[in-house]
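Visitor: Spelled out from the first residue to the last, the chains are:
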Amino acid sequence: AQSVTQPDIHITVSEGASLELRCNYSYGATPYLFWYVQSPGQGLQLLLKYFSGDTLVQGIKGFEAEFKRSQSSFNLRKPSVHWSDAAEYFCAVGVRSNDYKLSFGAGTTVTVRA
Amino acid sequence: EAQVTQNPRYLITVTGKKLTVTCSQNMNHEYMSWYRQDPGLGLRQIYYSMNVEVTDKGDVPEGYKVSRKEKRNFPLILESPSPNQTSLYFCASSFRDAGNRGQPQHFGDGTRLSIL
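First to last, the protein sequences are chains A and B. Per the working numbering, the first sequence runs over residues 905 to 1018. Per the working numbering, the second sequence runs over residues 45 to 160.
If you are wondering where the hints come from, they were derived from the structure by calculation, not from laboratory data. C-beta atoms are modelled at their ideal positions from N, C-alpha and C, and glycine is treated no differently. Hints are all accurate, no fakes.
For each label pair, taking beta carbons as the anchor points, the in silico distance ranges come out as:
#: 1; chain 1: B; residue 1: E97; chain 2: A; residue 2: R926; range: 33 to 43 Å
#: 2; chain 1: A; residue 1: S956; chain 2: B; residue 2: E45; range: 30 to 40 Å
#: 3; chain 1: B; residue 1: G60; chain 2: A; residue 2: E924; range: 43 to 53 Å
#: 4; chain 1: A; residue 1: T1015; chain 2: B; residue 2: G60; range: 35 to 45 Å
As a list, the in silico SDA-like pairs of lysine to any residue whose alpha-carbon atoms are at most 20 Å apart:
#: 5; chain 1: A; residue 1: K965; chain 2: A; residue 2: V917
#: 6; chain 1: A; residue 1: K953; chain 2: B; residue 2: D141
#: 7; chain 1: B; residue 1: K101; chain 2: A; residue 2: A905
#: 8; chain 1: B; residue 1: K101; chain 2: A; residue 2: Q906
#: 9; chain 1: A; residue 1: K965; chain 2: B; residue 2: A46
#: 10; chain 1: A; residue 1: K953; chain 2: B; residue 2: R88
#: 11; chain 1: A; residue 1: K965; chain 2: A; residue 2: T1015
#: 12; chain 1: A; residue 1: K953; chain 2: B; residue 2: R140
#: 13; chain 1: B; residue 1: K113; chain 2: B; residue 2: N72
#: 14; chain 1: B; residue 1: K101; chain 2: A; residue 2: V999
#: 15; chain 1: B; residue 1: K101; chain 2: A; residue 2: S907
#: 16; chain 1: B; residue 1: K109; chain 2: B; residue 2: T99
#: 17; chain 1: A; residue 1: K953; chain 2: A; residue 2: P983
#: 18; chain 1: A; residue 1: K953; chain 2: B; residue 2: F139
Over the 12 Å line for every Cβ pair with chain A, so calculated as not near, a few chain B residues:
#: 19; residue: E45
#: 20; residue: V58
#: 21; residue: T59
#: 22; residue: K61
#: 23; residue: T66
#: 24; residue: Y108
#: 25; residue: K109
#: 26; residue: K115
#: 27; residue: N117
#: 28; residue: S124
#: 29; residue: P127
#: 30; residue: S158
Turn these sequences into a full structure, and let the hints guide you.
Guide: What follows is the structure, given as structure tokens:
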């Protein structure tokens, strides 16, 4: 079965600084990969997704992620964070044999300091 | 406005008292699913539905029931709630894209259930 690890439980970053959130997955084949963001008191919003092709994926809100097969990783990046980026971020992996199933990581909470 | 609407948003109840959490989407999506979110565990899928009258179990279906009689609605039923079902619940929906992939794209705002 597939699984996802987000090694960082909590990250603090200064406004205007760059952000990178780590995501490692375990799956025998090429998975589908997703990043979601959850603002306090709200549901999840899909930031970006990778199915195949170009390994650098652009998403909404200025985020991008890079799929690295050799490292089983799908790290999320943003060059310059805004205070509104403070939220919890979830990486998720899907499998090609079941289009409806996602396995989520435990999440990384991002705090943005002024 | 595209929406997934869950009700209630908050509920405190007692063990064994049947409850239903409703979920409705206005996007004509085929796929709907229920997740529970617990600290340190991320989201875990309870049930999903590929279309009307088609449902299947996710990772943690025990103690839950669902039905999909209409495309827009996907209620979650707890027949006899227990304290270990205290959690934050999310409903999600998605359309079938060109690759026939139905992973969740739109989430409701969540329902916080406390079972005493």
